[in-house]
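Peer 1: Quick one: dock chain against chain with the hints and give me the complex.
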Amino acid sequence: MSVSLPTSTPIAAEASELPDAPVSPQLIEELLRHFARAIKTHQLYLPNNPIYQRAIENLRGAFAAIWPSIGEVVLQISESEFRWLGRSVLHEPSRADSLPWVFYKDGIRELTFMQGVEGEELVVLLDILQRVRKTSPEEDDLLTLLWEQEFAYLRYRFIDISMDTAAIPQASEAAAESRTIPLVEVRHEVEEEQQEADRPGFVRLEEMDGTLYFLDEQEIEYLRAEVHKEQSADLRRNVLAILLDIFEVQGTAAVRTEVVGIFEHLLLHLLAAADYAAVAYLLREAVAIRERLPDLSPEARERLARLPEGLSGPTVLPQLLQALDDAQTIPPQEDLDALFQQLLPSTLGTVLGWLKQAQNRELRTALERTAARMASVNTAELIRLIAAEDVTVALEAMRRAAELKTAAAVAPLAKVLASGPLEARQGAAQALTEIASPGAMRALEAALDDADRDVRVTAVRALGARGHRAALPKVEAVVTGKAVRDADLTEKMAYFEAYALLAGSTGIEQLDGLLNGRSMLLRRRIDPETRACAAMALGRIGSEAALAALRRASDDKDVRVRSAINRALRGGAA
Amino acid sequence: MTAPTMRAPTTPHPPAIEERGSDGYVRKVGRELLLAIYGALRTVKLYPPDNPVVQKTLDEIARIATDFLRRERELEVRVSGEFIFINATRLRLDLDNYASFSRIISVFREAGVGLCRVLESSAARDWIVFLSLLQSPPSGEPDDRARALAEKLAAAGITVFEIGPPSQVDDEDQEKAREAAKRTYAQSVTVTREVIASVRMGKSPNIKKIKRVVQGIVDQILNEDTSLLGLTTLRDYDEYTFTHSVNVCIFSVALGRKLGLTRLQLYDLGVGALMHDIGKARVPLDIINKAGGLTDDEWRTVCAHPWMGVLQLFQMRGQNEIPYRAMIVAFEHHKKTDLTGYPKHVRPREMSIYSKIVAVADSFDAATSRRSYQTTPLTPADVLQEMRVNPRRGMDQVVVKAFMSLVGHYPVGTLVVLDTFELALVHAPSPEPAAISRPMVRIISDDRGNVLFPGVLADLTERDPSGGFRRTIIKVADPDRYGIRVGDYFV
Chain A
1 MSVSLPTSTP IAAEASELPD APVSPQLIEE LLRHFARAIK THQLYLPNNP IYQRAIENLR
61 GAFAAIWPSI GEVVLQISES EFRWLGRSVL HEPSRADSLP WVFYKDGIRE LTFMQGVEGE
121 ELVVLLDILQ RVRKTSPEED DLLTLLWEQE FAYLRYRFID ISMDTAAIPQ ASEAAAESRT
181 IPLVEVRHEV EEEQQEADRP GFVRLEEMDG TLYFLDEQEI EYLRAEVHKE QSADLRRNVL
241 AILLDIFEVQ GTAAVRTEVV GIFEHLLLHL LAAADYAAVA YLLREAVAIR ERLPDLSPEA
301 RERLARLPEG LSGPTVLPQL LQALDDAQTI PPQEDLDALF QQLLPSTLGT VLGWLKQAQN
361 RELRTALERT AARMASVNTA ELIRLIAAED VTVALEAMRR AAELKTAAAV APLAKVLASG
421 PLEARQGAAQ ALTEIASPGA MRALEAALDD ADRDVRVTAV RALGARGHRA ALPKVEAVVT
481 GKAVRDADLT EKMAYFEAYA LLAGSTGIEQ LDGLLNGRSM LLRRRIDPET RACAAMALGR
541 IGSEAALAAL RRASDDKDVR VRSAINRALR GGAA
Chain B
1 MTAPTMRAPT TPHPPAIEER GSDGYVRKVG RELLLAIYGA LRTVKLYPPD NPVVQKTLDE
61 IARIATDFLR RERELEVRVS GEFIFINATR LRLDLDNYAS FSRIISVFRE AGVGLCRVLE
121 SSAARDWIVF LSLLQSPPSG EPDDRARALA EKLAAAGITV FEIGPPSQVD DEDQEKAREA
181 AKRTYAQSVT VTREVIASVR MGKSPNIKKI KRVVQGIVDQ ILNEDTSLLG LTTLRDYDEY
241 TFTHSVNVCI FSVALGRKLG LTRLQLYDLG VGALMHDIGK ARVPLDIINK AGGLTDDEWR
301 TVCAHPWMGV LQLFQMRGQN EIPYRAMIVA FEHHKKTDLT GYPKHVRPRE MSIYSKIVAV
361 ADSFDAATSR RSYQTTPLTP ADVLQEMRVN PRRGMDQVVV KAFMSLVGHY PVGTLVVLDT
421 FELALVHAPS PEPAAISRPM VRIISDDRGN VLFPGVLADL TERDPSGGFR RTIIKVADPD
481 RYGIRVGDYF V
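Order-wise, the sequence lines are chains A and B.
Take the first sequence: its letters are residues 1 to 574, numbered as in this note's numbering.
Take the second sequence: its letters are residues 1 to 491, numbered as in this note's numbering.
A hint or two may mislead.
Unchecked claim - A few chain B residues that don't get close to chain A, going by computed Cβ distances all over 10 angstroms:
1) PRO48
2) PRO52
3) ASP59
4) ARG183
5) ASN206
6) LYS290
7) LYS336
8) LEU378
9) ALA428
10) SER466
11) ARG470
12) VAL491
To be verified - Cross-link-like lysine to aspartate or glutamate pairs, in silico, DMTMM-like; alpha carbons within 25 angstroms at most:
13) B:LYS176 x B:GLU72
14) B:LYS203 x A:GLU264
15) B:LYS344 x A:ASP326
16) A:LYS40 x A:ASP20
FYI, nobody ran anything at the bench for these hints, they're computed from the structure.
In this text the structure is predicted, and so the values were computed from the model without any measurement.
Think of the CB as a built atom: it goes at the ideal place given N, C-alpha and C, for glycine as much as any other residue.
One chain only, chain B, in its complex shape (with noise of 0.2 angstroms):
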């Protein structure tokens, strides 16, 4: 996908002053108030508004959002494609409350809502009145069922809420996101290389470090991942062995809050994936650069690096605990789900789902970068159909299936050409979960091939007046063809 000695030029940076734990509270109180209006929704289907079942829901909504705007002065609800927004920070989704946060997600894109501000202290019935329009929206546009949900609220008299359809983040937050996504990819990098470079002079690295990374990595997948997953473009030839190991735990930590884990499941998983081939800093460089073919002893040796990571990440220092799920991991990821793959084992065992999901990071980033023995890295889209197709390959199909889903049809930093012949780069998923194959893109060369630099973020949902869309993929293109640096577009 890149120029083969592509890197891009780093500047040194102060350190930054950084803030935690200003979201916990908006979190906490965030999710309850979602898990009373997800009660709400439900009761106030199945009884009348006078019920005392209801009345009861309606009264802790009422009193979770009044506290809330006490507190934090303001309460904002936004749902943008999968995720639900309190104020500014992104809620989590977890296995435990996947159903409230589908249901909330589809009945506010029925209605074409993207956007509700509470204004000021609500009582039960300015919530009955608006939950109740919310589950019977009008036809339309979502422009227009927003506006005529807003118009109804005002004819009932309801006047706390400002209601708005569905929008971007602005501009600035997501520069903010970019710069603290580059920031985090940096660090990770460099924590990487430092751990492997020791573990190659025969020291042993500091844990500390790797797990600052990976929470600094959880922190931005859980609250943005579209900046840190444009990063894994940056697959850089000379840094592969350390870009590598970050891509696959952006890829896994992702796939993983796709998947519904909790915060320190994540962050366990995230360890796993960072380490994933440490034991490849066991393996001889002239074999790991080599070109071309391996002989069966090389091949042997590469095919030791799973169990000699487990033997590594014994030598880590500062562990307080031994990490026993990264060493499973270490084992694991070239396993296949019926435990044939590297390396063999004797006593009989089940394949850990943190290894299912770092396999399928692993391979989908090894295989669309490009390497001292493969010069011709598969397109993403590629990738994902032969691990979709190909049982040969021994990926669990619903893991693979959630990874499809977080990258899409064409994954970040593919390129593509569209119907107008611009050349574009994938940008992001898009928000529409069932757009699959209408991302937000980066037009980096207009229709006579002028190249644009830094480029234009554009839609493919974004329709024209005739109803037709836009811009439409027709074709991926291969970067290193028309000599473009995908990672240029994406710090």
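Bound-form chain A, shown alone (with noise of 0.2 angstroms):
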């Protein structure tokens, strides 16, 4: 609707000449101070700031202190001030962060406050203030922004800018000359046509039934339906399928370069979006045209292989990694799914890495299927992280290894085994353990002198369980040799369990001697816990001999070697 209204800013008047307020200017100018400020905090702080809550509320505050005087608040608008009443009562020269900057730019001349605004529809006038503030020239401006929302208790006026060439229709000079129609003919046309009316079977509109025309409940609750269909509808899906047909079945090279491009294009909105399934939907079906278009020209094949690999980009990929783990709202387990079985099988190092890095349970959990996925149909890329340096990736690819029992990993399981950093050996031997094939075990015998206590300790253990023999004499040197006395009971264990499982009954006879000893100083020079565990070895042998060197034992003076003997004798150490 259009109003008068002056299109310059009225001219300060003499302060005698200016009406009467109705309440005190300083009210005003405290209100818009506290627009000004909430404008800022709302930029700056969430709705659960404390200071954001304060702004808003020394705003509400502000409002509540004039609405009993005034009802509202009319506010004329230039390009460094908002007047009130002929008063200035914003004054921002600078038009950088000028609030009255920000409405003048975009055309609106005057806004009212209307009591109740200070209602739900004050954060929406904050947020769409903000909003504006962020948006290029070319974007949505103020007045777009502020139609979409319909505020019962703001309104304005405003020029538009944009529509200033437009030309008014009038109507032609020829149409207000004096003329006659000649009606003869048509008086004649409506006697005949009267005639023909007559007739059986003519049927004159006006007696077509008016209810044809007004729709009935059921028409209604059709069209409720539609609307309802349409509001729910998946509208990037819809219109990726449009593309996808027009892709298609237009097949001239031109229309097929210019959708790839909006097919680039698009899926960084997608991904912008969080709109993964879209995502997912776009490459699968990228894939399934390249297979069914045999016509499809190389550029086009090649651009549309290039969707995928772009999102699993060394940049890309973390980047949407981090979006998910940021995001507030998981996407469906299904649309992750979808989402990751489009990656290239090149990504499984970045996604390795996000399996610890994730924060998020469900994104984890994803990562973790897709993982799985990736490294058993890759297993080139796979054996290839098991040494990559970034720690974590290589213990992720070594798990991933042994899960899978990769017999060609082992080779380079056995290098980082050799070479590696402390974490990347343990994860080689426990990842060798779980191959178990004979290559692994050569490995892990190699193992048995690493300068780690852990890896060692894995490494026999896995010897001994998998009962690989050509590692016993190795064994045999370091149960019956000087350095099991400086282990820890848990390494000096391992090693007589296996040593227990690779001899059998070819140990006894040493056991028996760690155990029982020729003579008292003998025994003595042996400590207690390298007796313990043999007599643990001889219980796990469990032969009519070895039970016999334990019994012989059985009243030793060391409580440890007694109870050790008595866990043996009933079976214990099995």
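Peer 2: Put into structure tokens, the structure is as follows:
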């Protein structure tokens, strides 16, 4: 609607000429200060922040202070000023951060706050002002954004700056010329038609049933359902389907090039909008189209192929994963699975790296599934990653290789075990244990010399458990040698148990010697922990000769040895 | 309908100052008031007056009315045709308040009441008396019924209401609405022309202006659609591409309003409708302007415009959000409800209700317009009939029905011969929804054929003292045949 309003800012009148103010202008100034502050805090803080909440409360308080006296605040707006009843109530000469300028530049010349605006509409308005400050000149301006909200307590007058070139249509000059229409023919025609109308079967429009034009309940229900369907429809997916159809049906190279360009552009939009299901759909269909269209040009084929490649890029995928991990609500599991299924095998390293990093449990679960799937179909990449510099990635790769019992992983694992950093050596030992192939055992045998106790323990346990008799001499050397004395109880136990498993009855003599010693002096020179471990090992062997050796030592003076013997005799070592 | 070279002369105008938001409060609270009245009408029928449920609803009405009056200083409920106005603001109908609006309109109409002013603070008792009388109206002409109801109110000592019969909007308001409509229409055509010209020059047009003009059209349709619908008769041959897009937008938004879409839904629909043919900007002008038949290749090129429109919409600048709905409308507007038509699709899809609306509006405006390859347009009545009875057109029949209800038997701009042998142009559908074949007309020549300009408005539901209709349409005529430029009477 159009109203008359001076297009220029009213010139400041002499104070004496101004109308009486129903409330003190200081209250309006205070209100606007709080308004400006609330806009800033809205930009800087989240709604649950106390600073933000205080700013909103202060602004509401400023409104509350004036409502008993006036029902509305009408502000005239110039480039640098808000005026109320002719008085300047906010003056900001610099355009940067100027509140009047934010309104003025988009054509708003008058703003009216009505009582009630301090309710829900206030935050909506602050939100719009925040958005409009961030937008580029190309994007929606304040007028458009205000229109989209139907304010009940905010009124504004504006000049539509962008619409000043339209010309109002006028009637043609000939319209007003005096002239006469010959009606003879009309009368004649009417008479003829009348005769025809009298014939049976002729339907006059006027006689048509008027109810044909009114919607019945069923029709209204149909429309309601259609509108509801429209509102809940997946528009992005719909448009993607349209683009894919255009690509397939309209076979010219130029069209396909344009559509692929749109796909590339759209992919980023979809990611930004966190519509991962749509991303997955696009990538999946891109693959399907490549297979379905034999006439596809090499260029189009390559650009389609690059869509998942782009997503799988070393800079893009981490961002995607970060965004997913930061998201307040994680997409449905099937969307995540669908999306990750489209990732290229080369992204395995990135995915593996995120397994430990991801804070979100659902994301981790989805990534676990993805990692398992990718690892199973891409052994080469998996093997390459065993030697990754990022130990987290390397360890995950080893874990996957172990789960898959990938024989090809043994060599790189052995390499890591031989010369890798400590954490990697531990992982490699564990992985080799699970793979348990002869090659893996050989690698573990070498690890008995590792500087790290955990690596040695893992290796010796694996060798014992798998009965890798080739390792017996090394194990025996440890068990009977001096080095074992410096080992802790766990390592001692691991070695003695492995020795029992590998040597069997042939080891009884050595173990008996350690437990029972030929003289008191010798027994004293062997520490009780070692003797206790020898007792446990004899129990593990469990033969009559082994049990006899145990019984001979059953009244040993050392309580730890006696306890071990008792357990071994009861079968506790088993 | 119009002379082939007709082009309304235009005059430049300075930017107008416009106002928004002044009716937001009225709409919000007016709607609350009507819903409360509707609730009370129901409870009053079910329970005795002293029932707490009845009292609660009446107290609610009294509270809303008193608050409203205190703020706005006046409260006037006016029923005109299928619309309800609170003060000067037309309330919006949507699918969620269909039943309440329909009931209130029918109760007011039965009682012969077109106007009810609340003069001062009201109480629950005032409202129960008023609503009870409203639901048991006396018989007679509307004026008599309204008078009788006013007398009964006075006899009951109720003085807070002023009751009147149905009345027309005053001339000043109509003139204002017409001026606003002309400005909106002119801006819309200008922006559409700019957008299409930009595309033809290989530039990326900005969507900001498109949004702005659609906002104007939506506001106009929601407040007073008659003036804007009248301007769709400005079917300029030279400017067909632009005026057609604007007309389709106007028809679609008006139809969407009739179907109960919300303001933002109308906005989405309007953007889709205005841009539905944007793909034609990629079709060579010599094909677009070719008179006579097109070759197969040329026809194929024309048929590509729906999908080319989708691609073009991706090129628009200044998009905060990609206009997905507009793209779907551009793609589907030549599809039939069984998804035949063009362009071809491969993946399964369902046709959007927005596309169905635009398809109807598009077909109607195209068939009734003169174009390079259609020198003799069909009459609006024939087009409506065809859309309704010919299933091969593939229109959604419920949407068609609603469209016919919107434009009436005789759409705005139709030239008709009256039984008085006066010629008249249909100005607006009748305010009485049942009087579908008795629209408001502008008489443009007297019974001797003397042309009148700007003519005289006449309501074809008007009766003479004997009870018969004063005037009745006997025939639809071709304006070209009489050298009548329909658009002249709507600007």
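Peer 1: Run the C-beta distances from B:VAL491 to all of chain A and say if the shortest one exceeds 10 angstroms.
Peer 2: At about 5 angstroms from chain A, B:VAL491 fails to clear the 10 angstroms cut-off, so the statement is violated.
Peer 1: Decide, holds or violated, for the assertion that all CB atoms of chain A are farther than 10 angstroms from the CB of B:LYS336.
Peer 2: Check passes; 16 angstroms lies beyond 10 angstroms.
Peer 1: Closest CB-CB distance from B:ARG470 to chain A, is it above 10 angstroms?
Peer 2: At about 16 angstroms from chain A, B:ARG470 clears the 10 angstroms cut-off, so the statement holds.
Peer 1: Given the hint that B:LYS176 pairs with B:GLU72, test it: the Cα-Cα distance must not exceed 25 angstroms.
Peer 2: Holds. B:LYS176 to B:GLU72 sits at ~21 angstroms (cutoff 25 angstroms).
Peer 1: According to the definition I'm using, a residue is off the interface if its beta carbon is farther than 10 angstroms from all beta carbons of the partner; does B:ASN206 meet that for chain A?
Peer 2: It is violated; B:ASN206 is separated from chain A by about 6 angstroms at its closest Cβ, not greater than 10 angstroms.
Peer 1: Compute the least Cβ-Cβ separation between B:LEU378 and chain A, then decide whether it is above 10 angstroms.
Peer 2: holds (14 angstroms)
Peer 1: Would the non-interface assignment of B:ARG183 survive a Cβ cutoff of 10 angstroms against chain A?
Peer 2: violated (6 angstroms)
Peer 1: With the threshold set at 25 angstroms, check whether the alpha-carbon distance from A:LYS40 to A:ASP20 stays at or below it.
Peer 2: Between A:LYS40 and A:ASP20 the Cα gap is close to 32 angstroms, so the pair fails against 25 angstroms, i.e. violated.
Peer 1: Checking the smallest CB distance to chain A, is B:ASP59 really beyond 10 angstroms?
Peer 2: holds (21 angstroms)
Peer 1: Hey, does B:PRO48 actually stay past 10 angstroms from chain A on C-beta?
Peer 2: The claim stands: B:PRO48 keeps its Cβ more than 10 angstroms from every Cβ of chain A (closest is about 30 angstroms).
Peer 1: With d taken as the least Cβ-Cβ distance between B:ALA428 and chain A, does d exceed 10 angstroms?
Peer 2: B:ALA428 clear of chain A: closest Cβ-Cβ about 15 angstroms, beyond 10 angstroms.
Peer 1: Keeping to a limit of 25 angstroms between CA atoms, is the pair of B:LYS203 and A:GLU264 held or broken?
Peer 2: This hinted pair holds, its Cα atoms lying about 20 angstroms apart.
Violated hints for the displayed structure, listed by number in ascending order: 4, 5, 12, 15, 16.
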